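**Student:** One letter stands for each residue in the lines below.
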Amino acid sequence: MQPSRNHPVDSVMVRQRAASFTSRSIKTEAKLAGIRLAISMLDLTTLEGKDSPEKVRALCRKAVRPYEGPIDHPVPPVAAVCVYPSHVRTAAKMLTGTGVHVASVATGFPSGQYPLEVRLRDVTAAVESGADEIDMVINRGAFLSGRHGEVAEEIRQVWQACDGAHLKIILETGELETYDNVRRASDLAIEAVDSAGVLQDGDVFIKTSTGKISPAATMPVTLVMLEAIRDHFLSTGVRIGMKPAGGIRTAKSALHYLVMVKETLGDEWLTPDLFRFGASSLTNDLLRQLLKGLTGRYMAMHDFSEA
Amino acid sequence: MTTRLDVVKTCKLFIGGAFPRTESGRSMPLHDTKDRVIAHACVASRKDMRNAVEAARKAASGWENATAYLRGQILYRMAEMLEGRREEFTMAIRNTGGVTPAKARREVEASIDRLVRFAGWSDKYQQVLGCQNPVAGPFYNFTVPQPTGITAVFAPDTPSLLGLVTLLAAPLCAGCTVIAVASESQPLPGVLLSEICATSDVPPGVVNLLTGQRAELLEPVARHREIDAVVAANLTAGQRTTLQEGAADNLKRVHLVKHTEAQWEDDDLVASPWNIEPFVESKTIWHPSST
Numbered sequence: 201m202q203p204s205r206n207h208p209v210d211s212v213m214v215r216q217r218a219a220s221f222t223s224r225s226i227k228t229e230a231k232l233a234g235i236r237l238a239i240s241m242l243d244l245t246t247l248e249g250k251d252s253p254e255k256v257r258a259l260c261r262k263a264v265r266p267y268e269g270p271i272d273h274p275v276p277p278v279a280a281v282c283v284y285p286s287h288v289r290t291a292a293k294m295l296t297g298t299g300v301h302v303a304s305v306a307t308g309f310p311s312g313q314y315p316l317e318v319r320l321r322d323v324t325a326a327v328e329s330g331a332d333e334i335d336m337v338i339n340r341g342a343f344l345s346g347r348h349g350e351v352a353e354e355i356r357q358v359w360q361a362c363d364g365a366h367l368k369i370i371l372e373t374g375e376l377e378t379y380d381n382v383r384r385a386s387d388l389a390i391e392a393v394d395s396a397g398v399l400q401d402g403d404v405f406i407k408t409s410t411g412k413i414s415p416a417a418t419m420p421v422t423l424v425m426l427e428a429i430r431d432h433f434l435s436t437g438v439r440i441g442m443k444p445a446g447g448i449r450t451a452k453s454a455l456h457y458l459v460m461v462k463e464t465l466g467d468e469w470l471t472p473d474l475f476r477f478g479a480s481s482l483t484n485d486l487l488r489q490l491l492k493g494l495t496g497r498y499m500a501m502h503d504f505s506e507a
Numbered sequence: 004m005t006t007r008l009d010v011v012k013t014c015k016l017f018i019g020g021a022f023p024r025t026e027s028g029r030s031m032p033l034h035d036t037k038d039r040v041i042a043h044a045c046v047a048s049r050k051d052m053r054n055a056v057e058a059a060r061k062a063a064s065g066w067e068n069a070t071a072y073l074r075g076q077i078l079y080r081m082a083e084m085l086e087g088r089r090e091e092f093t094m095a096i097r098n099t100g101g102v103t104p105a106k107a108r109r110e111v112e113a114s115i116d117r118l119v120r121f122a123g124w125s126d127k128y129q130q131v132l133g134c135q136n137p138v139a140g141p142f143y144n145f146t147v148p149q150p151t152g153i154t155a156v157f158a159p160d161t162p163s164l165l166g167l168v169t170l171l172a173a174p175l176c177a178g179c180t181v182i183a184v185a186s187e188s189q190p191l192p193g194v195l196l197s198e199i200c201a202t203s204d205v206p207p208g209v210v211n212l213l214t215g216q217r218a219e220l221l222e223p224v225a226r227h228r229e230i231d232a233v234v235a236a237n238l239t240a241g242q243r244t245t246l247q248e249g250a251a252d253n254l255k256r257v258h259l260v261k262h263t264e265a266q267w268e269d270d271d272l273v274a275s276p277w278n279i280e281p282f283v284e285s286k287t288i289w290h291p292s293s294t
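Here the protein sequences come in this chain order: Z and X.
Adding 200 to a residue's 1-based position in the first sequence gives its number in the working numbering.
Adding 3 to a residue's 1-based position in the second sequence gives its number in the working numbering.
Derived from the structure by calculation, the hints contain no laboratory data.
There's no promise every hint is true.
Lysine-lysine pairs mimicking DSS-like chemistry, simulated, CA-CA at most 25 Å apart [said to hold, decoys possible]:
id: 1; chain 1: Z; residue 1: Lys293; chain 2: Z; residue 2: Lys452
id: 2; chain 1: X; residue 1: Lys286; chain 2: X; residue 2: Lys127
id: 3; chain 1: Z; residue 1: Lys255; chain 2: Z; residue 2: Lys293
id: 4; chain 1: Z; residue 1: Lys492; chain 2: X; residue 2: Lys127
id: 5; chain 1: Z; residue 1: Lys231; chain 2: X; residue 2: Lys286
id: 6; chain 1: Z; residue 1: Lys452; chain 2: X; residue 2: Lys61
id: 7; chain 1: Z; residue 1: Lys255; chain 2: Z; residue 2: Lys412
id: 8; chain 1: X; residue 1: Lys37; chain 2: X; residue 2: Lys15
id: 9; chain 1: Z; residue 1: Lys412; chain 2: Z; residue 2: Lys452
id: 10; chain 1: Z; residue 1: Lys231; chain 2: Z; residue 2: Lys452
id: 11; chain 1: Z; residue 1: Lys452; chain 2: Z; residue 2: Lys462
id: 12; chain 1: Z; residue 1: Lys492; chain 2: X; residue 2: Lys61
id: 13; chain 1: Z; residue 1: Lys412; chain 2: Z; residue 2: Lys231
id: 14; chain 1: X; residue 1: Lys61; chain 2: X; residue 2: Lys286
id: 15; chain 1: Z; residue 1: Lys227; chain 2: X; residue 2: Lys50
id: 16; chain 1: Z; residue 1: Lys412; chain 2: X; residue 2: Lys286
id: 17; chain 1: Z; residue 1: Lys452; chain 2: X; residue 2: Lys50
id: 18; chain 1: X; residue 1: Lys37; chain 2: X; residue 2: Lys50
id: 19; chain 1: Z; residue 1: Lys452; chain 2: Z; residue 2: Lys492
Simulated restraints on C-beta separations [said to hold, decoys possible]:
id: 20; chain 1: X; residue 1: Ser188; chain 2: Z; residue 2: Pro274; range: 43 to 51 Å
id: 21; chain 1: Z; residue 1: Arg321; chain 2: X; residue 2: Phe142; range: 28 to 36 Å
id: 22; chain 1: Z; residue 1: Glu254; chain 2: X; residue 2: Trp289; range: 27 to 35 Å
id: 23; chain 1: X; residue 1: Ala21; chain 2: Z; residue 2: Gly269; range: 27 to 35 Å
id: 24; chain 1: Z; residue 1: Ser481; chain 2: X; residue 2: Asn68; range: 16 to 24 Å
Being a predicted model, the structure only gives us computed values, none of them experimental.
Cβ coordinates follow ideal geometry from the N, Cα and C atoms, glycine included.
Isolated chain Z (complex conformation) (with noise of 0.2 Å):
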């Protein structure tokens, strides 16, 4: 299977734009608010071989109150947390009546070199566990080698499985090679979801990577993600929620992408149940930028629990 209309991407002015947006001058109350917008849309994530039931408790501690200091008006809770399935069931625990959403990797995250019926088992086995949201990864062996049915067709049956959970698509671009690629990737997954059935405003999300490989997630692949979901939601008048992750790292890039998002799909999508960063070190910095704005003086790393 094609995607429907091709969509080449002018690499030259993709990278241009992208960089535009990174020279707005965001201060004070709006940087703030920017910053508390930010902490509410992040997915902390924790996906290591290390991870342990204790280390995922702290980080769904950390999930409800990022900051546990002194503070004016609460810093609010972030969107969601996103573990190995194995941790499913910890975190769902630690985060049942927070509205702080459970998130697994599955379908043989990060590879998802595995038979397909274990990816699937690998879905529903996290669902069943209390996930009520997937990041899968697509099979970039197959896309690469054009074999663009095949993803398309795993891609419908994980959605399947999903059953009410919400699902992100992780494309792993860092593999992709080229914009035209990331693309192509895009309009794909999109499309093999919308044609499995009706979809609602954030039932599905594209996301950049797994973080396991660089580049991760940079301003001119997410532009061109962005572009898709716009261009779809053009046509079909659905949303689709976009993620980026692995690689942002300062409160500073965080801004970029929110400027990039407003600019690209307008503020319907600066809300966290269309756009996630995933993230890890990304949170301390925010709430270093935040403290730094509220009582003027620069933070330390150890002022923030490291989870």
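Got chain Z sorted already, so can you dock chain X onto it with the hints?
**Tutor:** Structure of chain X alone, referenced to chain Z:
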């Protein structure tokens, strides 16, 4: 025949091993004793200071965990590099300080010797500041000095080189990483010293050098929670208050010094282990002994 134009150096900041301009875009002219402009130096802002602290934090664990012997070697290497550029430093002090050539040369030589002295102390002050304590129990009880952490240095106006080198070398010797603000009226020797650091195996971020206005930088430095210690020379009473009030927030070590020109040359007064002591914390260990 065409006349040759002088190539004048742009004095920049030294942060994380690189030579950036100040993010504020501000500069100040430096005059020689005949009031001619000889260079322009950056006027660092609090954001440059913040960037320097980030760099110093990144470099901290590497420098702290380097062997004392290596730290000594690197300080000695700085002395070697300074020795090779004696003339340039002498000229810089003469031009901006209005001192006699002999006095300028003496200051440069004292600075070189000061670095060698601290290089020597770097694997020896532990024996002076640490100890084995007598305890009533089956334990060995040791106290060992450990670096305090990120240290800010406000160098005196004069002597512009010797004062800076002295206040910089002590925390480096202790294993701290440093953000130094050079002499406000005569920053040129400080700028040259950053080139010495860049070429003498000092890991990037271990020494960061800013030029600018002390009064502007003092308050944000005092209140910056990532900075663990501040050493400042010849502050006014008002500046002392600012520094101590800001430092109280995160319990910074504040070390104030005030020396005369002659005292800066006195090794026993300004370059002994007791000048390293303000930049170390004492760790005491109880180790079971067989009775």
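**Student:** All hints, please: hold or fail.
**Tutor:** Evaluation of the provided hints:
1. Z:Lys293 - Z:Lys452: Judged against 25 Å, a Cα distance of about 34 Å means the pair is violated.
2. X:Lys286 - X:Lys127: The hint holds at about 17 Å.
3. Z:Lys255 - Z:Lys293: Holds, because 14 Å separates the two Cα atoms, which is no more than 25 Å.
4. Z:Lys492 - X:Lys127: It is violated: about 40 Å lies between the C-alpha atoms, which goes past 25 Å.
5. Z:Lys231 - X:Lys286: It is violated: about 42 Å lies between the C-alpha atoms, which goes past 25 Å.
6. Z:Lys452 - X:Lys61: Since the Cα atoms of Lys452 (chain Z) and Lys61 (chain X) sit roughly 19 Å apart, the hinted pair holds (cutoff 25 Å).
7. Z:Lys255 - Z:Lys412: Roughly 19 Å between the alpha carbons, so the hint for Lys255 (chain Z) and Lys412 (chain Z) holds.
8. X:Lys37 - X:Lys15: 23 Å, holds
9. Z:Lys412 - Z:Lys452: 23 Å, holds
10. Z:Lys231 - Z:Lys452: With Cα atoms ~9 Å apart, Lys231 (chain Z) and Lys452 (chain Z) stay inside 25 Å; holds.
11. Z:Lys452 - Z:Lys462: Between Lys452 (chain Z) and Lys462 (chain Z) the Cα gap is close to 15 Å, so the pair holds against 25 Å.
12. Z:Lys492 - X:Lys61: Distance ~20 Å between Lys492 (chain Z) and Lys61 (chain X) Cα, so the pair holds.
13. Z:Lys412 - Z:Lys231: Violated, at about 30 Å.
14. X:Lys61 - X:Lys286: Since the Cα atoms of Lys61 (chain X) and Lys286 (chain X) sit roughly 23 Å apart, the hinted pair holds (cutoff 25 Å).
15. Z:Lys227 - X:Lys50: Distance ~14 Å between Lys227 (chain Z) and Lys50 (chain X) Cα, so the pair holds.
16. Z:Lys412 - X:Lys286: 39 Å, violated
17. Z:Lys452 - X:Lys50: 14 Å, holds
18. X:Lys37 - X:Lys50: At roughly 34 Å apart (the allowed maximum being 25 Å), Lys50 (chain X) and Lys37 (chain X) break the hint.
19. Z:Lys452 - Z:Lys492: 13 Å, holds
20. X:Ser188 - Z:Pro274: 43 to 51 Å: 48 Å, holds
21. Z:Arg321 - X:Phe142: 28 to 36 Å: 57 Å, violated
22. Z:Glu254 - X:Trp289: 27 to 35 Å: 28 Å, holds
23. X:Ala21 - Z:Gly269: 27 to 35 Å: Since the Cβ atoms of Ala21 (chain X) and Gly269 (chain Z) sit about 33 Å apart, the hinted range of 27 to 35 Å holds.
24. Z:Ser481 - X:Asn68: 16 to 24 Å: 22 Å, holds
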